[in-house]
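2 protein chains.
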Amino acid sequence: MKIGIIGGGSVGLLCAYYLSLHHEVTVVTRRKEQAAAIQSEGIRLYKGGEEFSADCSADTNINSDFDLLVVTVKQHQLQSVFPWLERIGKTNILFLQNGMGHIHDLKDWRVGHSIYVGIVEHGAVRKSDTAVDHTGLGAIKWSAFDEAEPDRLNILLQHNHSDFPIRYETDWYRLLTGKLIVNACINPLTALLQVKNGELLTTPAYLAFMKLVFQEACLILKLEDEAEAWERVRAVCGQTKENRSSMLVDVIEGRQTEADAIIGYLLKEASLHGLDAVHLEFLYGSIKALERNTNKVF
Amino acid sequence: MKIGIIGGGSVGLLCAYYLSLHHEVTVVTRRKEQAAAIQSEGIRLYKGGEEFSADCSADTNINSDFDLLVVTVKQHQLQSVFPWLERIGKTNILFLQNGMGHIHDLKDWRVGHSIYVGIVEHGAVRKSDTAVDHTGLGAIKWSAFDEAEPDRLNILLQHNHSDFPIRYETDWYRLLTGKLIVNACINPLTALLQVKNGELLTTPAYLAFMKLVFQEACLILKLEDEAEAWERVRAVCGQTKENRSSMLVDVIEGRQTEADAIIGYLLKEASLHGLDAVHLEFLYGSIKALERNTNKVF
Numbered sequence: 001m002k003i004g005i006i007g008g009g010s011v012g013l014l015c016a017y018y019l020s021l022h023h024e025v026t027v028v029t030r031r032k033e034q035a036a037a038i039q040s041e042g043i044r045l046y047k048g049g050e051e052f053s054a055d056c057s058a059d060t061n062i063n064s065d066f067d068l069l070v071v072t073v074k075q076h077q078l079q080s081v082f083p084w085l086e087r088i089g090k091t092n093i094l095f096l097q098n099g100m101g102h103i104h105d106l107k108d109w110r111v112g113h114s115i116y117v118g119i120v121e122h123g124a125v126r127k128s129d130t131a132v133d134h135t136g137l138g139a140i141k142w143s144a145f146d147e148a149e150p151d152r153l154n155i156l157l158q159h160n161h162s163d164f165p166i167r168y169e170t171d172w173y174r175l176l177t178g179k180l181i182v183n184a185c186i187n188p189l190t191a192l193l194q195v196k197n198g199e200l201l202t203t204p205a206y207l208a209f210m211k212l213v214f215q216e217a218c219l220i221l222k223l224e225d226e227a228e229a230w231e232r233v234r235a236v237c238g239q240t241k242e243n244r245s246s247m248l249v250d251v252i253e254g255r256q257t258e259a260d261a262i263i264g265y266l267l268k269e270a271s272l273h274g275l276d277a278v279h280l281e282f283l284y285g286s287i288k289a290l291e292r293n294t295n296k297v298f
Numbered sequence: 001m002k003i004g005i006i007g008g009g010s011v012g013l014l015c016a017y018y019l020s021l022h023h024e025v026t027v028v029t030r031r032k033e034q035a036a037a038i039q040s041e042g043i044r045l046y047k048g049g050e051e052f053s054a055d056c057s058a059d060t061n062i063n064s065d066f067d068l069l070v071v072t073v074k075q076h077q078l079q080s081v082f083p084w085l086e087r088i089g090k091t092n093i094l095f096l097q098n099g100m101g102h103i104h105d106l107k108d109w110r111v112g113h114s115i116y117v118g119i120v121e122h123g124a125v126r127k128s129d130t131a132v133d134h135t136g137l138g139a140i141k142w143s144a145f146d147e148a149e150p151d152r153l154n155i156l157l158q159h160n161h162s163d164f165p166i167r168y169e170t171d172w173y174r175l176l177t178g179k180l181i182v183n184a185c186i187n188p189l190t191a192l193l194q195v196k197n198g199e200l201l202t203t204p205a206y207l208a209f210m211k212l213v214f215q216e217a218c219l220i221l222k223l224e225d226e227a228e229a230w231e232r233v234r235a236v237c238g239q240t241k242e243n244r245s246s247m248l249v250d251v252i253e254g255r256q257t258e259a260d261a262i263i264g265y266l267l268k269e270a271s272l273h274g275l276d277a278v279h280l281e282f283l284y285g286s287i288k289a290l291e292r293n294t295n296k297v298f
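If you read the protein sequences in the order shown, they are chains L and H. Heads up: the first sequence at position 165 corresponds to 165 in the UniProt record's numbering, and the numbers run straight through without jumps. Heads up: the second sequence at position 15 corresponds to 15 in the UniProt record's numbering, and the numbers run straight through without jumps.
Check before you lean on any hint, since a few could be wrong.
One copy or any two copies: either way a pair holds, since identical chains are not told apart in the list.
[Stated by the list, open to error] Distance condition first, Cα-Cα at most 20 Å in a straight line; then the derived DMTMM-like pairs of lysine to aspartate or glutamate: (1) Lys211 - Asp276; (2) Lys2 - Asp225; (3) Lys288 - Glu253; (4) Lys90 - Asp65; (5) Lys196 - Asp65; (6) Lys211 - Asp67; (7) Lys2 - Glu224; (8) Lys288 - Glu33; (9) Lys90 - Glu242; (10) Lys90 - Asp108; (11) Lys141 - Glu41; (12) Lys288 - Glu199; (13) Lys222 - Asp129; (14) Lys141 - Asp65.
Rather than coming from a laboratory, the hints here were simulated on the basis of the structure.
Isolated chain L, as found in the complex:
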């Protein structure tokens, strides 16, 4: 099928490479130079010391020709994408943002499109406008949002490279909250403490502090199985113990973090339901201060 990938970051290039093996893919980028580079060079993917390449189209416009649009920009960039999507004919749109900040937007978004949401469990680092390093093999998991009908799309997306499985899940809320709780526990703490993920397990006070954050987030998300979720948070910390979280990397590199997508969603939900979010409010305020910090010269 004809797939448009919106966004030429690490996730966008990763999706573009793998999906172009079975589909006709166009990457839609903001910058003309990146579109021109992809159009002429294709996309290179590095994996396990090897280099692969795939031909790919690219454009700076979204048109109505696509059977599926995969939106890979960050949550805080979505506002500039929505107007484009409102102008095109009815199609399938899969949103692959971190966190759940976009959920509040999608709930209020009245358009004819069939909307899907998903999570990316791959590790990927963009090396250039046309190259991506596939650093961690994982999966993409997606689900229908609202009343979308996923069956046809599901069949079309099941044929894929074994390093890039795409799995359908029936419950979008369970899918997204399952990832959000992990991000909410690990990302802000590692960004503020400037530690690798594993240190949240090995420093007892940090683990205890993370548990307090976890408990707040659990109540807000109304998670059914708290014990299972906490084990998952600990497991991810352990499996990624040598990694720097994306929020820590964003802070170090002076970029805007995904605090709104991750903590902002929880705070909005807490406020809607009159729940306490003392630790999350503090983490949010501190990360936002850090963003202001690194964006100015003292």
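Keeping the supplied structure of chain L fixed, place chain H upon it in accordance with the hints.
Leaving out everything else, chain H in the frame of chain L:
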């Protein structure tokens, strides 16, 4: 009497100006240029739009001629002062550091000197090597540490300018912990959130988070009257609502903070007595990360 003031920062210059009105004062500085400037120009003090000046000696050496030495350097600079103090004849030494980090050092310090500790409740901003702005009128409160005999010194220190009262207190632990609990609650939070002191009262989640920090610190310090102490923390936040805490200013200006003096003492005590310090550990780690941050170029 002959008084030596060790340190030419804001507190050192403030003490030097006021004490020189009734005593023979020498400021001992690390830098030769500052000593030379004080020696030739004296000290200027700004207060309420007026300018005052006082003659003053200055030196870069500590000798045995003093009846009283007032140590005004920061806690993390004390280690370079101790060896000097160990070489001079027995005298009275008053330590005016923020926090209580120096208490662990003083307890282990076996010297013949009579040791006193005190707190500074003045607002003061150094304007140059020889000038200080007395921004907030307060008091100096001091107390005998260990077995020092304060009576004679107390009589000599009671004659003072009315804007610079010096008050003797009988219980050094009560005196220092009373100030520490306020600093521990206000300083790290305002530095991480980058807010003025008043915002800790007006944002409900920040107030609730500060209460959690307060409760941890109270248990560690074994404070007798928790309710009174909490009221004092709130009162100071209110009275200084438009102020930036010293730790916030240190972070903004890329200087080392007094995290060790303030939180470090509490963590050491918690560890000695097997007490929980989950929030304080997190604050300490985050402030230390911020110090590393501002001291390097990303």
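Against the structure, the hints:
Taking the shortest alpha-carbon separations for Lys211 and Asp276, both the intra-copy value of 15 Å and the inter-copy value of 14 Å come in at or below 20 Å. For a Cα distance limit of 20 Å, the shortest separation of Lys2 from Asp225 qualifies neither inside one copy, at 39 Å, nor across copies, at 71 Å. Taking identical chains as interchangeable, the C-alpha atoms of Lys288 and Glu253 lie at most 20 Å apart whether they share a chain (14 Å) or sit on different chains (18 Å). Taking the closest pair of Cα atoms, Lys90 and Asp65 come within 20 Å of each other only inside a single copy of the chain (10 Å); across copies the shortest separation is 90 Å, beyond that limit.
Taking CA atoms no more than 20 Å apart as the test, Lys196 paired with Asp65 passes in neither setting, with 44 Å inside one copy and 53 Å between copies. When the C-alpha separation of Lys211 and Asp67 is checked against a cutoff of 20 Å, the pair qualifies neither within a copy, at 43 Å, nor between copies, at 54 Å. In this assembly of identical chains, Lys2 and Glu224 lie within 20 Å of each other by CA distance neither inside one copy nor across copies; the values are 39 Å within and 72 Å between. For the identical chains of this complex, Lys288 and Glu33 are neighbours neither inside a copy (31 Å) nor across copies (41 Å), given an alpha-carbon limit of 20 Å.
Taking the shortest alpha-carbon separations for Lys90 and Glu242, neither the intra-copy value of 44 Å nor the inter-copy value of 54 Å comes in at or below 20 Å. In this assembly of identical chains, Lys90 and Asp108 lie within 20 Å of each other by CA distance solely inside one copy; the values are 17 Å within and 77 Å between copies. Taking the shortest alpha-carbon separations for Lys141 and Glu41, neither the intra-copy value of 29 Å nor the inter-copy value of 73 Å comes in at or below 20 Å. Taking identical chains as interchangeable, the C-alpha atoms of Lys288 and Glu199 lie at most 20 Å apart only when they sit on different chains, with a minimum of 15 Å there against 23 Å within one chain.
Taking the closest pair of Cα atoms, Lys222 and Asp129 never come within 20 Å of each other, the shortest separation being 40 Å inside a single copy and 59 Å across copies. In this homomeric assembly, Lys141 and Asp65 never come within 20 Å of each other (Cα to Cα): the closest approach is 25 Å inside a single copy and 78 Å across copies.
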